[in-house]
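Enquirer: Below, each chain spelled out in residue letters.
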Amino acid sequence: MAAATQTLASTPASRRTLGWIRDNLFGSALDAGLTGLVLAALVLVANPFFTWVTETAEWPVIRANLTLMAKGRYPIEFVWRIWIVVGMCGLLAGLLFSIFGSWRSRPSLVTTVLPLALMAVPIISNEARMALAAVFLAVVAGQVAGVFGPERAMQRAVLWYLVLLWPLAIVVLRGFGDTGPFQLVPTRHWGGLLLSVLLSASGIIISYPLGILLALGRRSSLPILKTLCVIYIEFIRGVPLISLLFMSVTMLQLFLPAGFPQIEGIIRVGVAITLFSAAYVAENVRGGLQSIPAGQYEATWALGLNKAKAMTFVILPQALKAVIPVTIGQFISLFKDTTLVALVGITDLFGIGRAVLGNPDWLGKHREVFFFIGAVFWVMNYTLSYGSRKLEQALNTDNPGRD
Amino acid sequence: MTTQAPPEVRPPFWRDERIIGWISQLVTLGVIVGVLYFLWHNMVTELRVQRDTTFTYRWINFEAGFDISESLIDYDRARTYGRAIVVGILNTLQVAVLGIVLATVIGVVMGVLRQSTNYLVRGLATAYVEIFRNIPLVILLIFWYQAIFLKLPRLKEAILLPGPIFISIRGVAVPWGTPTDSWGSFLLSVLIGLALAVGLGMYLKALRDRTGRRIEITLICAGAWLVWSAASWFVLPQPLTLTQPYLDGLRVSGGHVFSPEFMSVLSAISIYTSAYVAENVRGGIMAVARGQYEASESLGLTRLQAMRLVILPQALRVIIPPMVSIYLGLTKNSSLAVAIGYPDFFHTTAITTLNQTGRAIEIFLLLMGVYLLFSLITSLILNYYNRRVQLVER
Numbered sequence: 001m002a003a004a005t006q007t008l009a010s011t012p013a014s015r016r017t018l019g020w021i022r023d024n025l026f027g028s029a030l031d032a033g034l035t036g037l038v039l040a041a042l043v044l045v046a047n048p049f050f051t052w053v054t055e056t057a058e059w060p061v062i063r064a065n066l067t068l069m070a071k072g073r074y075p076i077e078f079v080w081r082i083w084i085v086v087g088m089c090g091l092l093a094g095l096l097f098s099i100f101g102s103w104r105s106r107p108s109l110v111t112t113v114l115p116l117a118l119m120a121v122p123i124i125s126n127e128a129r130m131a132l133a134a135v136f137l138a139v140v141a142g143q144v145a146g147v148f149g150p151e152r153a154m155q156r157a158v159l160w161y162l163v164l165l166w167p168l169a170i171v172v173l174r175g176f177g178d179t180g181p182f183q184l185v186p187t188r189h190w191g192g193l194l195l196s197v198l199l200s201a202s203g204i205i206i207s208y209p210l211g212i213l214l215a216l217g218r219r220s221s222l223p224i225l226k227t228l229c230v231i232y233i234e235f236i237r238g239v240p241l242i243s244l245l246f247m248s249v250t251m252l253q254l255f256l257p258a259g260f261p262q263i264e265g266i267i268r269v270g271v272a273i274t275l276f277s278a279a280y281v282a283e284n285v286r287g288g289l290q291s292i293p294a295g296q297y298e299a300t301w302a303l304g305l306n307k308a309k310a311m312t313f314v315i316l317p318q319a320l321k322a323v324i325p326v327t328i329g330q331f332i333s334l335f336k337d338t339t340l341v342a343l344v345g346i347t348d349l350f351g352i353g354r355a356v357l358g359n360p361d362w363l364g365k366h367r368e369v370f371f372f373i374g375a376v377f378w379v380m381n382y383t384l385s386y387g388s389r390k391l392e393q394a395l396n397t398d399n400p401g402r403d
Numbered sequence: 001m002t003t004q005a006p007p008e009v010r011p012p013f014w015r016d017e018r019i020i021g022w023i024s025q026l027v028t029l030g031v032i033v034g035v036l037y038f039l040w041h042n043m044v045t046e047l048r049v050q051r052d053t054t055f056t057y058r059w060i061n062f063e064a065g066f067d068i069s070e071s072l073i074d075y076d077r078a079r080t081y082g083r084a085i086v087v088g089i090l091n092t093l094q095v096a097v098l099g100i101v102l103a104t105v106i107g108v109v110m111g112v113l114r115q116s117t118n119y120l121v122r123g124l125a126t127a128y129v130e131i132f133r134n135i136p137l138v139i140l141l142i143f144w145y146q147a148i149f150l151k152l153p154r155l156k157e158a159i160l161l162p163g164p165i166f167i168s169i170r171g172v173a174v175p176w177g178t179p180t181d182s183w184g185s186f187l188l189s190v191l192i193g194l195a196l197a198v199g200l201g202m203y204l205k206a207l208r209d210r211t212g213r214r215i216e217i218t219l220i221c222a223g224a225w226l227v228w229s230a231a232s233w234f235v236l237p238q239p240l241t242l243t244q245p246y247l248d249g250l251r252v253s254g255g256h257v258f259s260p261e262f263m264s265v266l267s268a269i270s271i272y273t274s275a276y277v278a279e280n281v282r283g284g285i286m287a288v289a290r291g292q293y294e295a296s297e298s299l300g301l302t303r304l305q306a307m308r309l310v311i312l313p314q315a316l317r318v319i320i321p322p323m324v325s326i327y328l329g330l331t332k333n334s335s336l337a338v339a340i341g342y343p344d345f346f347h348t349t350a351i352t353t354l355n356q357t358g359r360a361i362e363i364f365l366l367l368m369g370v371y372l373l374f375s376l377i378t379s380l381i382l383n384y385y386n387r388r389v390q391l392v393e394r
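So the sequences go chain by chain: A and B.
Mapping of the first sequence onto this note's numbering: position 332 corresponds to residue 332, and the numbering continues sequentially without gaps.
Mapping of the second sequence onto this note's numbering: position 128 corresponds to residue 128, and the numbering continues sequentially without gaps.
Source of the hints: derived by calculation from the structure; they are not laboratory data.
The model shown is predicted, which means the values in this text are computed figures rather than measured ones.
We treat Cβ as the ideally placed atom computed from N, Cα and C, and that holds for glycine.
Honestly, I wouldn't trust all of these hints.
Said to hold, decoys possible - Distance ranges between label pairs, derived from CB positions: (1) W301/A - R308/B: 48 to 56 Å; (2) Y385/B - V230/A: 15 to 23 Å; (3) P181/A - R15/B: 54 to 62 Å; (4) H189/A - L161/B: 46 to 54 Å; (5) R15/B - A153/A: 36 to 44 Å.
Said to hold, decoys possible - Which residues of chain A face chain B? A partial, calculated answer using Cβ under 8 Å: (6) L25; (7) D31; (8) L34; (9) V38; (10) F235; (11) V239; (12) T250; (13) L256; (14) F350; (15) R367; (16) G374; (17) W378; (18) N381.
Please work from the sequences and hints to get the whole structure.
Expert: Rendered as structure tokens:
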């Protein structure tokens, strides 16, 4: 009965700011000393760094080459085609969020507002601002369609769109014919961030099904198939990507019959990246397949499903869902690895950076250029890994127990 | 009432799983062999048309004709291609071994710091890991090289540290030891000491198993080996003589000069890999259940004893397997040294030798073979370790 007469205590000291500082920064004598040390070190390092960023560094090199770094030598009069592709991706993002997630969730809202926020960046052109507004409208359209459209039909539509987006994007970017608004832009003119993203996306999209097939092949009971898959996977995983890239660039043409048209450099590099990534995806999927309890396989036999149906409807969905975090980590790695193509002469974002530094106008601006390029990569990768963590959390909450 | 097993009914052969399996395998094999033969045939015809040559490795013994900027063994342009390739392999191993050591040290420190109770320390370690896991290694490498090491002052205005150590655009010159006549005997003595220490360890282990007394085997053996090595150092006449670097006109003589290429590759690779090591160590520490800490405390173990006897062995079981693939990744990443001209294995073989001889197929086979060998050795070590420490389950 004494509880009824207790007054409500105010928030205990440890939960308020001063209390937090005391606990987390000065918890013990050692902690206090460490805090002092770290603060001193931070000031020592941060001061020259900020001075460099704001005063010493010469940033016009970035502003002058921004379009070059974004799209390489893609003709300026067809840049609207790149924006169309960005808009299509925005539409897809809006649809995915509203159909398979919640349009109100924070990642969804951030994605919707992002094009608007980017419009405020001072150094981009006004045409780019208009294009960003169009992308924003595309994302919103996707969200609206997902919220108000019939659910089953929208799900199917989105999955079809997902499958067709990449080929469609390639067709829009590359074009066809000699004249007209959609005329051919050969792949050797693609460059910069456009090329980096495209190479990674292509690598991911093609290597994922390939990797799944390899993983299934490795687990198969047919000895020849299994040996071939094992040889491929272990071979590719044992060598560095740079050697595959060099091999592909110097030797791919040799393996084709004489008189075969010259394969464009970007395609050679894309083939190498895809084959490389497929082996790693295969190992990830194999890990996922191994984590499925035997009871699932037995249940499929009990239900009379043949191997193909069992795999497609029961085993693979569980296996792939279990390894989503690892797979996204692999894709982040792939995006970082595409910078290696600069070493075989393909001008992706990193390659353009090196080319810019070769321009006599911008001699010696190494720190500025590489800091900027590094920052761009960092922002994109950090966003991807943050998204992966959020996705993992979201998926874990719908999985209360196993078996 | 007994029942007989039902007679085995085989479906007709076009639906029999086993037969279909074999037929499809043979067909796949046939297709793959056919495709490989087609590719190989194209390549051979092209080579015959272009270069009028066949597949051979005889060129390994021809004179190389190019210089390599740094090498651990004697090399000049009159030596063979084979020797150039060995120089490359040694350079790669040098960077890989030092990189692994540095990355492990930094990574373990960062991983442990991420668990600290101090917010600032924890935040700093987290920032370090998040920064270096999200930028591509090539960019880090080129940044270190062009934005830092190539902006060091010229030799005349070199930064002077006590030692003497000269830091300039030519690299870092440090005092170094040159082997004398007794160096070989010293190395031999150290190896003998190692064998003796291992033998001592086996004896002590048997002693401990028999009597149950607590004997610190690792400490005693390591200490014994150190004492033996120190003794042999002082007994033998001066195995190493110290040379100090000094400015000799336009260059540095004496001592050892670590080139800016080597320093960039080493620092970039170590920092990049240390972020992955830190994540791995943190995962291992977190994988040990809280109950273990509490149980060891209730048993009366001090924090240090608990760490050594209870927590670390369990954490290591989780840490070591991915760690081995991280080390393998480091070795493969060292091939990126090609971006700044450090003569590692990939550079000397696939770039310079390929340019000189034009023998793409043979060289790439050699390249793949050596990297696969590294990979194989690493896998063997990993499997051996896994078998030793695996939890034996039902």
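Enquirer: The structure should be examined with respect to each hint, and the outcome stated for every one.
Expert: A quick look at each hint next to the structure:
no.: 1; hint: W301/A - R308/B: 48 to 56 Å; in the structure: holds (49 Å)
no.: 2; hint: Y385/B - V230/A: 15 to 23 Å; in the structure: holds (21 Å)
no.: 3; hint: P181/A - R15/B: 54 to 62 Å; in the structure: holds (55 Å)
no.: 4; hint: H189/A - L161/B: 46 to 54 Å; in the structure: holds (50 Å)
no.: 5; hint: R15/B - A153/A: 36 to 44 Å; in the structure: holds (38 Å)
no.: 6; hint: L25; in the structure: holds (6 Å)
no.: 7; hint: D31; in the structure: holds (5 Å)
no.: 8; hint: L34; in the structure: holds (5 Å)
no.: 9; hint: V38; in the structure: holds (4 Å)
no.: 10; hint: F235; in the structure: holds (7 Å)
no.: 11; hint: V239; in the structure: holds (5 Å)
no.: 12; hint: T250; in the structure: holds (5 Å)
no.: 13; hint: L256; in the structure: holds (6 Å)
no.: 14; hint: F350; in the structure: holds (6 Å)
no.: 15; hint: R367; in the structure: holds (4 Å)
no.: 16; hint: G374; in the structure: holds (5 Å)
no.: 17; hint: W378; in the structure: holds (5 Å)
no.: 18; hint: N381; in the structure: holds (4 Å)
The earlier numbered hints are all upheld by this structure, with none contradicted.
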